[in-house]
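**Student:** Read top to bottom, the protein sequences are chains W and U. With this note's numbering as the guide, the letters of the first sequence map in order to residues 1 to 776. With this note's numbering as the guide, the letters of the second sequence map in order to residues 1 to 241.
Treat each hint with caution, since some may be false.
Under 10 angstroms between C-beta atoms, here's a sample of chain W residues computed to sit facing chain U [unchecked claim]:
1) Glu73
2) Met100
3) Met138
4) Arg139
5) Leu141
6) Ser143
7) Pro144
8) Ala145
9) Gly146
10) Leu153
11) Arg176
12) Asn474
13) Asp477
14) Phe543
15) Glu545
16) Ser739
Non-contacting residues of chain U with respect to chain W, defined by C-beta distances greater than 12 angstroms in every case (computed) [said to hold, decoys possible]:
17) Thr111
18) Thr152
19) Asn158
20) Ser167
21) Asp169
22) Gln230
Hints are computed from structural coordinates only; laboratory data are not their basis. Ideal placement from N, C-alpha and C gives every residue a C-beta, glycine not left out.
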Amino acid sequence: MSRSPQAVALFIVWSLVLALLGWYVQRELVVSTDMRLFLPTPTTPTQHLLLEEIGEGPASRVLVMALAGAAPETLADASRQLVEELQKSPQFGFVTNGEMSLDTVPDELWPYRFLLSPALDKHRLDTPYLHAQLQARMRDLSSPAGVFFEPILPRDPTLELLNVLQNWQPMQEPNRQFDVWFDRAGARALLLAQTRAAAFDPDQQRLAVDAVNRAFAAVNANGHLELTLSGAGAFSVLMKGRTQDEAQTLGTAATVGMILLLLIAYRSVGSLILSTLPLASAGIAGLVAVSSVFGEVHGITLAFGFTLIGVAQDYPLHLLSHRRPGQPLLELVRELWPTLATGMASTCIAYLSFLFSGVIGLAQLACFTMAGLAMAGLTTRFLLPRVMDTHGRDTGQSAWLDRIWRCIASLPRPRWAAPLIVLLCLAVTVWAPQPMWENDLGTLTPVPRDLLLRDQELRSQLGTPDIRYMLVLNVHDDEQALRRLEQLDAPLQKLIKRGAITGYDHAARYVPAAATQLARRQQLPDETTLRTALRAALVGSSFREGVFEPFISEVQQARQLPPLTVEQLRASPLGSSLEMLLSRRGDRSMALVTFSGVKDAKALETLIDTTVQDAVLLDLKAASLSLVAQQRTRILWSLLISAVLLTGVIAFSLRSAARVRRVLTPMLLTTTITIALLQAAGVSLSLFHLIALMLAAGLGLDYALFFEHAADDPYEQRRTLHAVLVSSLSTLMVFVVLSTSQLPVMQAMGVTVSLGVIFNFVLALLLTRPEAGREK
Amino acid sequence: MRLIGGWLLSAFATTPLLCAPATGSAVPVAVQPENQPGTQTGTETGTHQIGDQTDQLIRSLTRPAPASIAFTEVRLSPLLQEPLIVSGELGYSGPASLDRRVMHPYRELTTVRGESVRVEREGEPVRSFALKRAPELRGLLSGFSALLTGDTASLRRNFDISSRLESDDWAITMTPTDAKARRRIKQLSATGHDTEPRCFTLTIADGGSSVMLLGDASKQTIPTQATAEQLDALCNKPLQP
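All chains should be modelled from the sequences, with the hints used to inform the complete structure.
**Tutor:** In C-alpha cells:
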C-alpha cells in the first residue's frame, strides 16, 4: 500500500473526530418515542383532542387483563389477588376488577354521601324510610353479611355510601361472577388497570407490563392460569421489543451482505473501510443537526434516517469504481463532482418537502437526511481522495463489464413505450378497487391485526367507552358543565331504552352540580327532627337506642358541608375516572361524555343538536381521517414544489433540455410504475410509501445522472456501469431484506424501494445510456 | 352423626389454598374415650402441648360432602338490645360451597362459593360481597378449613388451639395468633358430643358473637333475651354437671 504519511495522519484524525463526536452525540442524544411526532400537526380543536386521546387519553392508558385456564371461582380469587398486588405498584393510577370497597373511601368524604346519593332524591330521612332500612339491617346483621356491615351500621344505617359507590359503577355492567368482572361466557376473569404513563412511552409502559407480569407470577404459583394483557401500552412494549429484535436480525443480514458485495466488487479491505467513512460522517452530521434543531430525535427518525442516508454509501462507490491508473484521485473527484453534487442537491431538495410537511417526525427525518447527505458528499469530495489509495483496480478494463455493456448497447431504446407505460399505469391506478390513499391512522400501527381484534373484543366485554364518539362540552366553569351534564341524563337514558347506546359516563355521575347537592342538603332533617324520626323508627326493631349517634352527627355535619367539588374528588383515590371527564382549558371548562355500545350515531347526534348548548358530538374516526387527508394534500403540494425546484437544479447543471429529459424520464416512469404495481397489488398508499418513493426517486436520479455523465467514453461507461451496478445491488439487497420484515411500515418501505431500484436501474440503462452511434 | 361433624367443618373450608381435596383427608378416627389418657377426669391441652387427643379429635371431624343439618343461629351484638334469632338449614355440597337457608322468621338464602358470599332475600336485590371484605368471616372460614383438613400445622400457625375432652363431650377453642386478626375475632370454638357437633361460636372482639346451634341442639327453645353466658351453657351443657 502506498499511502503517504499525510494520508495516514488524515485518516487517523478523521476517524478520531468521528469517534469523539459519535461518543458525545450518543451521550447527549434524547430519543423520543412519542408516536404523535409522526402524526400530522393538529389544526382544529377536534384534531387536538384526537391526538391527546391517542397518546394520553384514558382509553389509551387502560390495560385490559383477562385471566383464564381455571374454574371461575379460582379465576375470581386470582383476579382479587392480582388487584391487590397491582394496587401496590406505583405504575398504576387505578386497578379494578369491578369489586366495590368501602375501604377506598377516605374518612373525610363519608359525610358527603348525603349530598351525592340519588337515593335521597326519592326518600327523606323520615320515620317510614328509616324504619324500613332498620328492618333490613337487622336481617343483614343476622346473615353472614352481618360481620361485614356491623362496623359501619352506627355510622351508616341506610348504607348510603354503598348506594353512591354502586351508582359509580359503569352503566353497562360487565358480566359478574363471584363479585368480579367476567366475560359473557364466564370463562375469563377481566380486570382493568390505568397506567400513569402515557401509552406512547414504551419505557414506562415496560415497567407497567413488568409489574403486571410479576404480580401474575405471584398469583399463578401453580402455573395453571393464563394471562392476556392487552392495550395500547402493552402493544407499544411488544412492538418495541419486536422492532428491536427484527432491526437487529435484518440489520446484521444486510451488513454482512453489503460487506461481501463490496469485497467482491473492489477486492480490497482498505477500500471497504475507507468507503464507510463518509457514511459514518453523514450519520453523525445528521444526528448533530437534528439534535441541535429539534432538541430530541425520534426513534423512528433514527431508524428511517439511517436507512435513507444509506444512499450516501453510493458516493464513495462512484469514486472507487471510477478510479483509473495514473489519474490522481483529486483530479478524478473534480471530474465526478458536478454529477455527484447534482445528485446530492436534488435528493436534498426532494427531502426539503418533508421539512414543510407539518409533521415534526418527517421534518426531523428531512433535516437528518439533508445534513447527512451533504456531509457525505462533501467528505467524499474533499477528504476521501486524500486518504485513499490511488492505485486500485481499473474497472474500465474489465472484460465482462465490456461484454455486458455491449449487450446493453444492442438493446432497443423503447422511447415509444414510455407514454404507453404511463397510460397503463394510470389505468391500473384509476381502476384499482381499493382507495388510492390510506387515510386510516390505524393502519400505520405495526400491531398485528389479531391482537387488535382481541383487544376490541375484551373492551366490548368490559363495556369500556367507545373511542369513536364523544361529546365535548365547552363552558365557562365546572358548575355550568355539571349542570348541563345533569340535564343530559334524561334524554340519554331514553337513548339507552331505545337501544341507541348501552351506556354513558360523565363527571356529574360522580360529582353532581352544586345546585343538586344543595337541594339534597336542604332536605336533610335537623338534629331534633332526625332524633324523633329515628326513635319512632326504632320501635319494633332490636337495635339499642343510642347506637346511631354517629349517624345523627354525620347528618348534621352534612348539613353544614359546602358542596363537593370536582377538585376535591379528583384529589382523592376515587377521582381517577374524573381526570379526563372534566378539565380546565384556559379559562373554560371542558367536559366529556363518553358512550359505550353506540349503535345509532344519528340518534345521538340529533339528541345533542336539539337539547344541549355548547356541545359538539365528536366523531374521532372522521377527525382522524380528515386529519390524514388534509396533511397528505399538504405533503403532495410540497412534493410538487420540490419537483419543480429539482428540475430547475438539474436543468441548471446539465443546461440542455434533451439531457434533462433523459435524466428525469427513468425516475418519473419508475415512480409511476411503482405506484401502479402497489395499487395493482391492492395496497393503499400511506405516508411511509411516500417516503419510500422519495428515496427511490433520489436513487434513480443518481443512476441516471451517472449514466448521462458517462455518455461518451467506453472505459468511462464501463466504470459507470460498475459503480451503478454495485450501488444499486447493495441498495437492492438492503431493501429486499427490509421487505421481509413483519412490521407493515418496514415492509412497505422495503417493497417500494426494491421495486424503485430495479426499475430505476433498468430504465436508466434503457433510456439514459448514450446513443450507440456516439460510442467511440 | 360423625358424618355431620365432618361436613360442617368442611363447609367452612372455603379457602381453596388451604383446602385439601374433598376425599383426601377423610380418614375418620373415632375418638374413643377409653383410648385417651386421663379421660376419666377430663383433660385439657394448651397450645404448647397439643397431644394426640386434639389431633385425633380434629381428624375425627373430617368428612366429605354432601349433607345438610338444621341450625338455629343466635346473633348477639352491642348494637342490639336483644339477640336476633334465625333458624333454617345448612347445606354443604363441596369443599368450598356452603348454603345457609334461613326459614324463620323470614326467608333468605346465603351461598358461599370460594371467596364470594351471596345473600338473596325476598323482595330485595341480591347482595354479594367478597370474603376479603369481611375479615371476621374469613378468619372463621380459614380456621375451620384448616381444622377440617386435619392440617394441625396450618391451624397452629394461625391459631392457638386448645381442646377439652370429658366423657364423650368435647370442645375445641381457637384464638388467632395474628394480632391484626385478633382485633376483630376474639375466639372461635366448636363443641359437641362424640362426633356430633353441638355449637359453633364466633366471638367478636367488640363484644358481639354469633352462636350457631346445630342438629338436635337447634331444636331447643332459646329465650328471647338470651345472654352469651346462657348460650355458652347450652353449648357446653354436658360438661357442666
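**Student:** The structure should be examined with respect to each hint, and the outcome stated for every one.
**Tutor:** For each hint, the structure was consulted:
The beta carbon of Glu73(W) comes within 4 angstroms of a beta carbon in chain U, closer than 10 angstroms, and the hint placing it at the interface holds. With 10 angstroms as the threshold, the beta carbon of Met100(W) comes within range of chain U, its nearest partner Cβ sitting at about 9 angstroms, so the hint holds. Annotation: interface hint on Met138(W) holds; nearest CB of chain U at approximately 6 angstroms, less than 10 angstroms. Because the smallest distance between the Cβ of Arg139(W) and any Cβ of chain U comes to about 6 angstroms, under 10 angstroms, the interface hint for this residue holds.
A distance limit of 10 angstroms between C-beta atoms decides the matter here; for Leu141(W) the minimum to chain U is near 6 angstroms, and the interface restraint holds. Nearest Cβ of chain U to the Cβ of Ser143(W): about 5 angstroms, under the 10 angstroms cut. The hint holds. Taking 10 angstroms as the C-beta contact cut-off toward chain U, the hint placing Pro144(W) at the interface holds, the least distance being around 5 angstroms. At its closest, the beta carbon of Ala145(W) sits 5 angstroms from a beta carbon of chain U; the interface hint therefore holds under the 10 angstroms criterion.
Look at Gly146(W): its Cβ gets to within about 7 angstroms of chain U, closer than 10 angstroms, so that hint holds up. Residue-level restraint check for Leu153(W) holds (minimum Cβ-Cβ distance to chain U is 6 angstroms; threshold 10 angstroms). Contact between Arg176(W) and chain U, as hinted, is supported at the beta carbon level, the nearest pair being about 8 angstroms apart and thus within 10 angstroms. The interface hint given for Asn474(W) is broken, as the beta carbon of that residue sits about 39 angstroms from the closest beta carbon of chain U, more than 10 angstroms.
Using the Cβ-Cβ criterion of 10 angstroms, the hint placing Asp477(W) at the interface with chain U is not satisfied: the shortest such distance is roughly 37 angstroms. Against a cut-off of 10 angstroms between C-beta atoms, the interface hint on Phe543(W) holds, since the closest Cβ of chain U lies about 6 angstroms away. Using the Cβ-Cβ criterion of 10 angstroms, the hint placing Glu545(W) at the interface with chain U is satisfied: the shortest such distance is roughly 8 angstroms. Taking 10 angstroms as the C-beta cut-off, the interface hint given for Ser739(W) is violated, the closest approach to chain U being about 52 angstroms.
With a cut of 12 angstroms on Cβ distances, Thr111(U) falls inside the contact zone with chain W, its closest approach being about 10 angstroms. With a least CB separation of 23 angstroms from chain W, Thr152(U) remains clear of the 12 angstroms interface cut-off, as annotated. For Asn158(U), the condition that its CB be more than 12 angstroms from all CB atoms of chain W holds, with the nearest at approximately 18 angstroms. Non-interface status of Ser167(U) relative to chain W is upheld: no Cβ of that chain comes within 12 angstroms, the nearest being about 33 angstroms off.
Every CB of chain W is more than 12 angstroms from the CB of Asp169(U) (nearest about 28 angstroms), matching its label as outside the interface. Even its closest Cβ contact with chain W, about 17 angstroms, leaves Gln230(U) beyond 12 angstroms, as expected for a residue assigned away from the interface.
The structure does not agree with the numbered hints 12, 13, 16, 17 stated previously, though it agrees with the rest.
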